[in-house]
Amino acid sequence: MPALRRRLSVAARSAEHRLNYSTVRLPKFLSAFRIQSYRFQWGSDLLNSWAFEMETLILGWFVLVTTDSPFLLAAFAALTFSGTLLSPFFGVLADRVDRRAILIILRLIYGALASAILLLALVGTVQPWQVFVISGIAGLVRPSDFAVKFALIADTVPTRDLHNAMGFSRATMDSARIFGALLGAGLFSTLGIGAAYGAVVGLYLASVLLAWRITPIPRQPTENSRPWTDLKLGFSYIRRNETIVAIMALAFLANFTGFPMIRGLLPALARDVYAMDETGLAQLIALLAMGALLGSLATATVLRVTKPVRMMVIWLVIWHLFILLLGLFSIPMVAGVVITVIGLAQSFAMIPMSVLLLKITDEVYRGRVSGVRMLAVYGMPMGLLTG
1107 MPALRRRLSV AARSAEHRLN YSTVRLPKFL SAFRIQSYRF QWGSDLLNSW
1157 AFEMETLILG WFVLVTTDSP FLLAAFAALT FSGTLLSPFF GVLADRVDRR
1207 AILIILRLIY GALASAILLL ALVGTVQPWQ VFVISGIAGL VRPSDFAVKF
1257 ALIADTVPTR DLHNAMGFSR ATMDSARIFG ALLGAGLFST LGIGAAYGAV
1307 VGLYLASVLL AWRITPIPRQ PTENSRPWTD LKLGFSYIRR NETIVAIMAL
1357 AFLANFTGFP MIRGLLPALA RDVYAMDETG LAQLIALLAM GALLGSLATA
1407 TVLRVTKPVR MMVIWLVIWH LFILLLGLFS IPMVAGVVIT VIGLAQSFAM
1457 IPMSVLLLKI TDEVYRGRVS GVRMLAVYGM PMGLLTG
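Heads up: the sequence shown begins at 1107 in our numbering, then just goes up one per residue.
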């Protein structure tokens, strides 16, 4: 009977995939967008990413201006990692219930918390401690958003289109770091925190509406097991698969040695090595994001990734070599070229890593594996402290 249920579940998902395909003919480089469910999820992910980047910039600047404390600003940034330990438990939940429903609930939480800050801003009573409390609550669930959305993409997109889908999905985050941050800064500087947060809330709500249109994927019937037992089964599954263990190790390495330089130590590098002011730093950050965006779009459209393991290892090496180059030259123009290549290498390394992880993971463990993968993010604060 369990085997029969699994076969029926696979057949149902295959039929669902066929029904999801659009009759509109699209170019091959947009193959993932032939799937109606993916189109709605991509739109939801894009608006959610833009809202998050706007929110991060607005609140970070608010904390810095009102407290005049770089330490509190760093503490605010650290809240983003506060819920990473919960990601495996959300992964268990994603393997037991509808992943679409979890995604909607998570984004409703973001919208509700942003609405609370909007209300405080409109009545003129917003204080730094309130920002810390609300951001801390959001930080508890935000890392799980990544695990759930990637698992949901793998549910709805056929394997042959997965590189295309993941490339465009990564592009939503890269574009948000450029345009979302600029939009948030523009609204905050011209209209104030109230109007800026009104836009954030609007983006979150629109993201929820689009997520509602994602086609729900039936979950396999689960035995009457405890969540803790399911979590242990997930860890056991990971330990038995050497490829998954290797991917997890590479993800931790990237967060430990690669991301700290471009996420945390870039301001010091810009000031002490390249003698740049805040404008120069902003330009470096924009070039980094632009390189990552170009890499995401190239992976989604023109690159034929036939050997993902080789590609991610080669580009991880290139990424680290160019980080070393950053400290060897003091010419700002050279820094701009190098930082753009680093952004490009970042996408060329991380996208094949994510795609390979989703491809080789059994569907029933996909949520748990994606949740455990998020634990690699803790390599970044460790790398920052080491650096």
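Note that these hints are calculated values from the structure, not bench results. Careful: at least some of the hints might be erroneous.
Stated by the list, open to error - Derived pair list, reagent style DSS-like, types lysine-lysine, alpha-carbon separation capped at 25 Å:
| hint | residue 1 | residue 2 |
| --- | --- | --- |
| 1 | Lys1338 | Lys1413 |
| 2 | Lys1134 | Lys1465 |
| 3 | Lys1413 | Lys1134 |
| 4 | Lys1465 | Lys1338 |
Unchecked claim - Restraint-style ranges between C-beta atoms, simulated for each label pair:
| hint | residue 1 | residue 2 | range |
| --- | --- | --- | --- |
| 5 | Arg1416 | Phe1187 | 26 to 36 Å |
| 6 | Ser1342 | Thr1412 | 26 to 36 Å |
| 7 | Thr1265 | Leu1430 | 28 to 38 Å |
| 8 | Gly1433 | Leu1228 | 41 to 51 Å |
| 9 | Leu1434 | Trp1318 | 32 to 42 Å |
| 10 | Thr1172 | Thr1412 | 14 to 24 Å |
| 11 | Ala1301 | Val1415 | 46 to 56 Å |
| 12 | Thr1173 | Thr1412 | 44 to 54 Å |
| 13 | Ser1175 | Arg1377 | 13 to 23 Å |
| 14 | Ser1295 | Asp1174 | 13 to 23 Å |
| 15 | Glu1348 | Arg1410 | 38 to 48 Å |
None of the values given here were measured: they were computed from a predicted structure. Glycine included, each C-beta is placed from N, C-alpha and C at the ideal position.
Going through the hints against the structure:
About 31 Å separates the Cα atoms of Lys1338 and Lys1413, which puts this hinted pair outside 25 Å; it is violated. Distance restraint check for Lys1134 and Lys1465: the Cα-Cα separation of roughly 20 Å lies within the 25 Å cut-off, and the hinted pair is therefore satisfied. A distance of roughly 20 Å separates the Cα atoms of Lys1413 and Lys1134; the hinted pair therefore holds under the 25 Å criterion. Distance hint between Lys1465 and Lys1338 is fulfilled; the C-alpha atoms sit about 21 Å from each other, no more than 25 Å.
Here the CB-CB span from Arg1416 to Phe1187 is close to 31 Å, well matched to the stated 26 to 36 Å. Against the hinted window of 26 to 36 Å, the Cβ-Cβ separation of Ser1342 and Thr1412 comes to about 31 Å, which satisfies the hint. Restraint check, Thr1265 to Leu1430: a C-beta distance of roughly 36 Å satisfies the suggested window 28 to 38 Å. Between Gly1433 and Leu1228, the C-beta spacing of about 46 Å keeps the proposed range 41 to 51 Å intact.
Checked against the given bound of 32 to 42 Å, the beta carbons of Leu1434 and Trp1318, roughly 51 Å apart, lie outside it. Checked against the hint of 14 to 24 Å, the C-beta distance between Thr1172 and Thr1412 comes to roughly 52 Å, which is inconsistent with it. Between Ala1301 and Val1415 the beta carbons are some 48 Å apart, a value that agrees with the proposed interval 46 to 56 Å. Remark: the range hint 44 to 54 Å for Thr1173 to Thr1412 is upheld by a beta-carbon distance near 51 Å.
At about 19 Å, the CB distance of Ser1175 to Arg1377 agrees with the hint of 13 to 23 Å. Roughly 18 Å separates the CB atoms of Ser1295 and Asp1174, a value that falls within the hinted 13 to 23 Å. The hinted window of 38 to 48 Å between Glu1348 and Arg1410 is violated, with their beta carbons roughly 26 Å apart.
Of the numbered hints stated above, those contradicted by the structure are hints 1, 9, 10, 15, listed in ascending order.
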